[in-house]
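All chains, please: the whole structure from these sequences, using the hints.
If you're matching them up, the sequences are chains L and W in order. Oh and the first sequence: position 104 is 104 in UniProt numbering, straight run, nothing missing. Oh and the second sequence: position 333 is 333 in UniProt numbering, straight run, nothing missing.
A portion of the hints provided could be inaccurate.
In this list, chains with the same sequence are indistinguishable; a pair is considered to hold if it fits within one copy or across any two.
[Stated by the list, open to error] With a cut-off of at most 25 angstroms between alpha-carbon atoms, the simulated SDA-like pairs for lysine to any residue come out as follows: (1) K424 - Y338; (2) K37 - R336; (3) K424 - E42; (4) K37 - G118; (5) K405 - N158; (6) K20 - N137; (7) K20 - S459; (8) K37 - N109.
Keep in mind the hints are simulated off the structure, nothing from the lab.
There are 2 protein chains.
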Amino acid sequence: MARSGRRGGRGGMSARAGNKIEQLPWSQTHLPYTPLKVVTEEQLEQIHRTSMRVLSEAGIRVMSETVMDLFERAGAIVDRDEMTIRIDESIVAQALETVPQSFDMVARNPEKRITMGGSAMNFGLVAGPPNTHDMINGRRPGNHEDYCNFIRLAHHFNAVNIIGNQVVAPMELPANTRHLDTYLANLTLSDLTFHCTAIGRGRALDGINMMAISRGISIEEMREVPGVVTVISVNSPRLLDEAMTDGLMAMAEHGQPVSITPFTLMGAMTPVTLPAAMAQQNAEALFGVVLTQLVNPGTPVLYGAFTSNVDMRSGAPAFGTPENTKANIIAGQLARRYRVPYRTSNANASNCVDLQAAYETMMSTWGATMGGANLIYHAAGWLEGGLTASMEKFILDVEIIQNMKEFMKPISFGEDELGLEAIKSVPTGGHFFGAAHTMERYETAFYRPLLSDWTNYESWEAAGAKDALTRATELWQQALREYEEPALDPGVAEALDAYVIRRREEIGAGEP
Amino acid sequence: MARSGRRGGRGGMSARAGNKIEQLPWSQTHLPYTPLKVVTEEQLEQIHRTSMRVLSEAGIRVMSETVMDLFERAGAIVDRDEMTIRIDESIVAQALETVPQSFDMVARNPEKRITMGGSAMNFGLVAGPPNTHDMINGRRPGNHEDYCNFIRLAHHFNAVNIIGNQVVAPMELPANTRHLDTYLANLTLSDLTFHCTAIGRGRALDGINMMAISRGISIEEMREVPGVVTVISVNSPRLLDEAMTDGLMAMAEHGQPVSITPFTLMGAMTPVTLPAAMAQQNAEALFGVVLTQLVNPGTPVLYGAFTSNVDMRSGAPAFGTPENTKANIIAGQLARRYRVPYRTSNANASNCVDLQAAYETMMSTWGATMGGANLIYHAAGWLEGGLTASMEKFILDVEIIQNMKEFMKPISFGEDELGLEAIKSVPTGGHFFGAAHTMERYETAFYRPLLSDWTNYESWEAAGAKDALTRATELWQQALREYEEPALDPGVAEALDAYVIRRREEIGAGEP
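In structure tokens:
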């Protein structure tokens, strides 16, 4: 410790050869503070009222006869020619009555059970990029090996609570069956819950079935505590396509949670003003929430938000902006108004893992966490506006997540912590390094960072002057070396393999 | 705009040749949200009560007979042998009655008047590093040319509201008169208020006199609206040295504001527990606040905070940590309890301008801004734990400050902004790029970043694949080219020169 015996710091990994990566233990983080508010209660009601008029006057277009039937039976005004559904507030209110305020999810490891709702906070692996990047191998189209490595990293780092939709697309595998390969990787290389691809019923059902097999339970039993989740994106403005609604219905029928997430970039998919964007997002999200309850009352559902802005000079999407940060907080206010668990993201728009990637991610992360999000999707590895999954960004994000988790850790306030005697025990101008009060606590007193290097300049320079990006490159490689595959019952492994083989044959050249 | 005419984005400065740097206009930012709370009201009282016992039972050591006399007259228990002053809560309470809840400051440009107090928020240039660094010239000891360039940058960018104590030390100039050179640079190269070095009375008085000359008023008249501020650091634990108290008294006698800032790194200068650190910081800060009011009741004063932690493995200071972030917020709760304007910082511990510098600065910035700080000191340019002023970090910080200022910008909530008609005017699955509602607002709808590049990957690569650090290097050079020295009345310039020449002779080889 410190002055009684400096260890030469930790300037780079070389000084720690043989040391395993330190990280926070697995835990369910809770927001211990009052969530931030960006708009007043009256402004929130203005957004609500506007969104209700969007639903009753403009409506949502849905490319599905089944959905139109469901809404018609619920009392909606359905325009079959235009495939547009208009609902009034009473239909929304009735659906909200059956939405669970909170639900749990678990995969095959009961210790990694997570809660969606209340003050619980969970972070997800980035989902959906076609490309992957790291500083060793460069930028390349997604492939199965990279996919597996990301799942290993997500399993290794406790900061990641849930696997999102296809961290990178394994482009070399057939498009109609690659979901089977990714589910199998999720279930064998990790013990986390994951996102089912819900483009069509088949992909959703395969995820549900395989998760049930891995837990050794039936899909009926999995209604009790769901094991998979899906995200239904609204094609904003006001459009739900058929494949998405089919996936939504498959999940809801089986009691598995759905996040309804309008993709609402201000100036492109919504009006350019934030109140209007929030009103449109709210209308679209609540419409999806209603649909889940019409399919199966009591279906766990998340109020999803993805409102940011575009660069009005180029039309390119921007994330981690001040407007995105406000939207993350307002969406939390709305979700709490309706008592629906809340999902958002903490994206950035940088093309490489640089200062911009860090500060934009921090902006959106603060909006998401202090906005009261229960699920922060895309939280680890998102780069290039979501077009690339990055290994170094993953490490940066784990550090950011760990910092936020520690910021959320409640402070003990006993007499010992208030420390009057400790203060009095050290003379003026002295120091507390060797004090008994310090010695008893110093090993666990403060957060120990994953990526930050706190050595002084001279030690840092002597250790190679490695910047955080260089250290991140070392850390993901070290993590892959230290990764241990979670043990899986051989019978379960066989059953999963058999399922995949059978389904691959069934699907053939068709769609799942 | 966007799809009707892409301009190829702004991937790097080359694409903008001839374009001046865009930035936010000068403005007084206010926190429009409820400040964050990390501790409950009861916990806040526990910190308060503990700090009162520190003051009455342990006391503060002060190396000044004058200060001991002042406190003795106020009813304190003064131990002359130990030079220790013990005060009870009634003395603190009485002093707090005369502390202004808010005060204004201004230099020679009345449009750049700033408020310290209430919800007002101001950002300061980094203060005190012995070294400077940029990516063109590398790391070097501070010098007068670099000093002047930082003042030019601070003047150029509206994000910076106030100049801190010696942004870099001009090491080549004589130590006993270099404060005159730096004040002269502040007053000729910028029109901002600044920090007087208060190591001894002479340096403080020179700053007060020169600011008064530059404003064309007497130092008596400058009591109305102060023009300079100083920071008095407590040598924690519980020690105030004589030079600092002399400077404090000189400022207070002339009605110029003082920030009392204990330097409290947990585990080194305070106990390792956060409640104890806050109690000790609170005792030390309030002691200094009392001193200002004993010298001159009504002296403007800031409650200063600088509580972070050390790396318990190396003893090195750490900033932008979760503990630092919590401390920034708790200190705000304390300052508001006492109705004293609040100063803190948003430091980081990185040795270079990298991911770590960005995310640590963001952590501490969120704690400082949402903690309700009125003055965020060291906000632009801080690197290496305060040992280096960095040009690229300055640009990064201006971007961070601008992001926070935009996040603080209130949202308009009229019918037009709620945009029901705009939403209804675009068909499902369409887009809002060309909508009238968009066209009327798109130029000012969103924050336009200084440093962020939102072009897509291909455009970014084609423009040289410049990361944010490279762009920052270009931006500070461009800013120095675009910088315009603010006009100064020739009579004032002459008077300032004459003052400096006279004082240089007076000081000679002695101390000012």
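Any hints this thing doesn't respect? Which numbers, in order? Going through the list in order, the structure violates hint 8 alone and respects the others.
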